[in-house]
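Novice: Take a look at the letters that make up each chain.
Number of protein chains: 2
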Amino acid sequence: MDTLINELETIVGKKGVLLGEDVAQRSVDWFTKASCEAMAIIRPQNTEQLSQVMAACHAAKQAVVTHGGLTGVVHGAVASPNELVISLELMNQIESIDPVGSTMQVQAGATLQSVQEAADEIDLQFPLDLGARGSCTIGGNIATNAGGIRVIRYGMMRQQVLGLEAVLSDGTVVSSMNTMLKNNAGYDLKQLFIGSEGTLGIVTRAVLRLQPKMPSEQTALVAVPSFDALTRLLQFASRELANSLSAFEALWNNHYALMTSEATKHAEILAGDSPFYAIIETLGSNEEKDAEAFAAVLEKALEEELITDAVLANSSTQRQGIWDIREDIETLVYELNPMFSFDISLPIAHMDEYVTTLEEKLEAQWPGVAKIVVFGHLGDGNLHIMITVRDPSPHSRRAVEEIVYGTLTRYSGSISAEHGVGLEKRDYLSLSRTPEEIALMKRMKLALDPKGLLNPGKILA
Amino acid sequence: MDTLINELETIVGKKGVLLGEDVAQRSVDWFTKASCEAMAIIRPQNTEQLSQVMAACHAAKQAVVTHGGLTGVVHGAVASPNELVISLELMNQIESIDPVGSTMQVQAGATLQSVQEAADEIDLQFPLDLGARGSCTIGGNIATNAGGIRVIRYGMMRQQVLGLEAVLSDGTVVSSMNTMLKNNAGYDLKQLFIGSEGTLGIVTRAVLRLQPKMPSEQTALVAVPSFDALTRLLQFASRELANSLSAFEALWNNHYALMTSEATKHAEILAGDSPFYAIIETLGSNEEKDAEAFAAVLEKALEEELITDAVLANSSTQRQGIWDIREDIETLVYELNPMFSFDISLPIAHMDEYVTTLEEKLEAQWPGVAKIVVFGHLGDGNLHIMITVRDPSPHSRRAVEEIVYGTLTRYSGSISAEHGVGLEKRDYLSLSRTPEEIALMKRMKLALDPKGLLNPGKILA
Numbered sequence: 001m002d003t004l005i006n007e008l009e010t011i012v013g014k015k016g017v018l019l020g021e022d023v024a025q026r027s028v029d030w031f032t033k034a035s036c037e038a039m040a041i042i043r044p045q046n047t048e049q050l051s052q053v054m055a056a057c058h059a060a061k062q063a064v065v066t067h068g069g070l071t072g073v074v075h076g077a078v079a080s081p082n083e084l085v086i087s088l089e090l091m092n093q094i095e096s097i098d099p100v101g102s103t104m105q106v107q108a109g110a111t112l113q114s115v116q117e118a119a120d121e122i123d124l125q126f127p128l129d130l131g132a133r134g135s136c137t138i139g140g141n142i143a144t145n146a147g148g149i150r151v152i153r154y155g156m157m158r159q160q161v162l163g164l165e166a167v168l169s170d171g172t173v174v175s176s177m178n179t180m181l182k183n184n185a186g187y188d189l190k191q192l193f194i195g196s197e198g199t200l201g202i203v204t205r206a207v208l209r210l211q212p213k214m215p216s217e218q219t220a221l222v223a224v225p226s227f228d229a230l231t232r233l234l235q236f237a238s239r240e241l242a243n244s245l246s247a248f249e250a251l252w253n254n255h256y257a258l259m260t261s262e263a264t265k266h267a268e269i270l271a272g273d274s275p276f277y278a279i280i281e282t283l284g285s286n287e288e289k290d291a292e293a294f295a296a297v298l299e300k301a302l303e304e305e306l307i308t309d310a311v312l313a314n315s316s317t318q319r320q321g322i323w324d325i326r327e328d329i330e331t332l333v334y335e336l337n338p339m340f341s342f343d344i345s346l347p348i349a350h351m352d353e354y355v356t357t358l359e360e361k362l363e364a365q366w367p368g369v370a371k372i373v374v375f376g377h378l379g380d381g382n383l384h385i386m387i388t389v390r391d392p393s394p395h396s397r398r399a400v401e402e403i404v405y406g407t408l409t410r411y412s413g414s415i416s417a418e419h420g421v422g423l424e425k426r427d428y429l430s431l432s433r434t435p436e437e438i439a440l441m442k443r444m445k446l447a448l449d450p451k452g453l454l455n456p457g458k459i460l461a
Numbered sequence: 001m002d003t004l005i006n007e008l009e010t011i012v013g014k015k016g017v018l019l020g021e022d023v024a025q026r027s028v029d030w031f032t033k034a035s036c037e038a039m040a041i042i043r044p045q046n047t048e049q050l051s052q053v054m055a056a057c058h059a060a061k062q063a064v065v066t067h068g069g070l071t072g073v074v075h076g077a078v079a080s081p082n083e084l085v086i087s088l089e090l091m092n093q094i095e096s097i098d099p100v101g102s103t104m105q106v107q108a109g110a111t112l113q114s115v116q117e118a119a120d121e122i123d124l125q126f127p128l129d130l131g132a133r134g135s136c137t138i139g140g141n142i143a144t145n146a147g148g149i150r151v152i153r154y155g156m157m158r159q160q161v162l163g164l165e166a167v168l169s170d171g172t173v174v175s176s177m178n179t180m181l182k183n184n185a186g187y188d189l190k191q192l193f194i195g196s197e198g199t200l201g202i203v204t205r206a207v208l209r210l211q212p213k214m215p216s217e218q219t220a221l222v223a224v225p226s227f228d229a230l231t232r233l234l235q236f237a238s239r240e241l242a243n244s245l246s247a248f249e250a251l252w253n254n255h256y257a258l259m260t261s262e263a264t265k266h267a268e269i270l271a272g273d274s275p276f277y278a279i280i281e282t283l284g285s286n287e288e289k290d291a292e293a294f295a296a297v298l299e300k301a302l303e304e305e306l307i308t309d310a311v312l313a314n315s316s317t318q319r320q321g322i323w324d325i326r327e328d329i330e331t332l333v334y335e336l337n338p339m340f341s342f343d344i345s346l347p348i349a350h351m352d353e354y355v356t357t358l359e360e361k362l363e364a365q366w367p368g369v370a371k372i373v374v375f376g377h378l379g380d381g382n383l384h385i386m387i388t389v390r391d392p393s394p395h396s397r398r399a400v401e402e403i404v405y406g407t408l409t410r411y412s413g414s415i416s417a418e419h420g421v422g423l424e425k426r427d428y429l430s431l432s433r434t435p436e437e438i439a440l441m442k443r444m445k446l447a448l449d450p451k452g453l454l455n456p457g458k459i460l461a
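Taken in sequence, the protein lines are chains A and B. First residue of the first sequence: 1, per the numbering used here; consecutive thereafter. First residue of the second sequence: 1, per the numbering used here; consecutive thereafter.
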C-alpha cells in the first residue's frame, strides 16, 4: 500500500497526507470518541486533486471513507486499517455569494456556522441549524441530509441545496452546480448524493439557497398537560402561526426533569411537574407585531387548555436559556452514561403509545435500572430517544435496539429520521424499508460504485 | 403484437384496453393537439395489474409511454405506433387522509384539483397550483416535478411528496410510501422518480404533504418602471413579506399589452404603458392584519419608486381578473399562432439583457414579423417565453430554438425550468448539462431500465 500512498502524496502534497499518530488522534464518533484506525488521511485541496486521488484508488481497488466535521453519531466515519480516509478539511472556502439570486457557492469542507455567518453578513440567512453548527461541514450536512431544529419551516438540507459537484468512485467529476430555484432539464442528479452518506460519490462543492433574514425571533417554553393537548397544540400553532412557525420541539417530562434537576446546571424555567413541555419559536420580520401575535396565540392556547403555563423569552439570554435545555446533549451523555441514542420518526398520533410501550418494556427487562429520556422535533414526527441500562455491552445494546426498533415497526416508523444509518443502524434497515427498496438501493450502489470503494459497508451490507 | 395485447387484456380486462379510434382521438400534446398513434392504451385499475402488465411487456421487450392528464407541452406523451400507452386514468382515487400528520395518500391518476379540494375539506391545503389543475394528475405532477405559481413559498412538486410507489420496467413494485417529514433510513428512492418523466419507473401512488390552510389571500397587480426596479421590488417583497409571499409573477410589457389589447378580453387594470408589471400575492391567516401589512408594503414600494402604480384586489372577482391575465394561455396560443413556447430559467440579474438580446436577434432574422411575449415566475428565476415568426415549419422552429437556447448558454441558464425535456428539448439537453452529467443520467437509466422500455427517447437519446 506504500506505493499508493506515495502516489497520492505526489497528487496532494506532503501536507495532504496524514499518517500514524495524526490519524489515531482523530475521533470518528461524537458519542463514543472512538479513534480513527484508517491507514492514512488524504486531504485534497481542490476537486481536481480529489479526482486524481479517486482515479488512483479506483485503479488500486482501494476503499475510502469520507470525513466531514466528524459530528455524526451512527459510526458513518469509522474506517478500518485497510481503508483510507478522504478528509475535505482543506476545502473549506466560501467561493462566492449572489445577493440578488440569494445563493452561495461553497466548498464541502466549510462549516455550517461559517456559511450561516457569511449569509448573515449580506443580510440573508442560511436556515439549516443544529447543535453541531461550529464543527459540522456542508459536505457532511449534504451527505447525511441533515435536519435540525427548523425543518418545520425550511425543510432538511435537501431543500437548501440547489446544485453540487461530486467525485465518483472512478474519479469522474460530476459538476451539477445549478444556481436556479427551478431546473427540470433532465434528472436531478444532486439527489443521488444528498443523504446517501458518501456511498455514491464524494461531494466537493455546493450551491446553497439562502433565505430572507428574519430579524424577529420569538421563543417560548410552555407546559403541556397531556399528549393529546400536545398534538392539538401543534395543530393549533401550525394554523395560527402558520407562516412564521419555525420550531416546535417537544420535551417529555423525563427529559425536562433531568435537565433541570440539581445535578445539571439549567434553570427550572417552568415548574417541573408537567408531563410534557414544548419549545415554540417563530421567525418574522417585525419584532413588535410578531411578539404581539405570538403572545396572543399563547394566551389563546392557555384559554383552550392546550397549555397550563408559558414563559415567553424577552431577551436573547432568556431565549438561549430555553434552547440550552434542549441542546445540551453533553449533559445527557454524562448523566445517562453509558447511553444508547436513537433518532426515530413515526406518525405523531402514535408517539405517546410508542414511548409508553418502550418505558414498560425497559422497566420489565431492567427493573429500577433502565432510564429513558425523550425529546425531539415533534412537528417533523422525529423523536430523539436516549436510553441507559447502565451497561455498555453489545448484548445490552442489541437488547435495547430490539425494543426500540422492534416496537417501531408496528407504526411503520423509521429507524433514522435525521442521523442516517451508517454502520450503527445498518442491520435494522429492513425494519424500515422493504426488500424491493433495499434491492433498488443496491442496484444504485452497483451502478455508481461498481467496485464498492466508497464508504463500504455503510447503509448497505 | 396481438398476442401481447390479448395477454394484457386478460390482466386488465376488456375495459382496460383501448384500441383504434379510442386511441387516435386522444391528443398527446396540449399545444399542438397531435393525435395519439400508439397501438393501444392500457388502463390498469391497480398497482398489481400494472405490475403484471409491465412484467409481460418486459418479457416481450415492448416499449411503453405513460400518460397522466395529457397537459404536458414538451411532447412527453407522444407514442409511436409500435409503442403501448399506459394510462393511469382508472387509478384516480384519494385513498386516505391523515389530518394530524397532514398527509394524503392518493393514486397517481387523481387530478391535482381533486387533491386540492380534498385537502380543503379538512381545512388544510395542497399548495402546488398551476393552470392545468383540473386535468393534470398527481402522477404527471410527480413525473415532471411540476412547478407553478407558488414555488417561491412551497417549492416544486418534489417538496410536496413524502413517499411514493412505482412500478419498474420489469414489473417490480417499489413501495416507498413514507408518511413522515423526516426519514433518513437509506437512499431517498422517491427522488429517482420525481422529475424523470416516466423514464425510470411508473409512479402509481403517492403520499403527499399537506400544509395549513391560508384563509387570507392578498393579491396586487403593480406597474414597475424598469427591470432594475423589478429585481429590487422582488428583494424588497421577499424581505418585507418574507413569510407570506406566495407568488411573484412578472409580466413584460409585450405580455401585458397583448393580453389587455382590444383583441383579447381582459380589462386593462392598470395603464398599459409600463415596461413591466408584477403580480404579487401573499397567503396568511389573518385577513385584516394581512391586508393592512400588504397595503403598507405596497405604499412603501411606491414611495421608494419601485412601482409607479398598484391595484390591490378587494374581492375574489378582482383577484381572478388579475390572475386571468397571467393564466389565459389559450389567448396567447390564439394570438401568436403558430407559436413556439419556451420555459427557461437563468439568474435573475441577467434576464433583462437576455430578453433584449432575443428581441434583437428575432427582429434581425424576421423583421416586422417576429413577436415575443415574456412572463413568468420571476422569484424562481423562471421565464415563459412565447414566440411566433408566423411560420410553423421545423426549419423556423429550429432557428428560433437556436436563438433562445443559444443565447441562454451565456448565462448558464436551463432549457427547462419546469416543463421538462420530453422529446422537444432533448437535442438541446447538452446546452444545460455537462457531458459527465448526461453520462451519469444514462448510467441511471441503464441501471433502472436496462431494456430501455420506459418512455424511450424522452429526455435522453
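Wrong hints could be hidden among the right ones.
Below, a list of computed lysine to any residue pairs in the SDA-like style, where the Cα atoms sit at most 25 Å apart [to be verified]: (1) LYS289(A) / SER238(B); (2) LYS33(B) / LYS442(B); (3) LYS451(B) / LEU446(A); (4) LYS371(A) / PRO215(A); (5) LYS213(B) / GLU121(A); (6) LYS213(B) / ASN286(A); (7) LYS300(B) / GLU299(A); (8) LYS33(B) / LEU19(B); (9) LYS300(B) / ASP273(B); (10) LYS442(B) / ASP170(B); (11) LYS213(B) / GLU299(A); (12) LYS371(A) / ALA349(A); (13) LYS445(A) / ASP273(B); (14) LYS451(B) / PRO435(A); (15) LYS289(B) / THR308(A); (16) LYS442(A) / LYS300(B); (17) LYS445(B) / ASP273(B).
Hint data in this document are derived by calculation from the structure and do not stem from the laboratory.
Novice: Find the hints from earlier in the document that the structure breaks and name them by number, from lowest to highest.
Specialist: Hints 2, 4, 5, 7, 13, 15, 16 and 17 not satisfied by this model.
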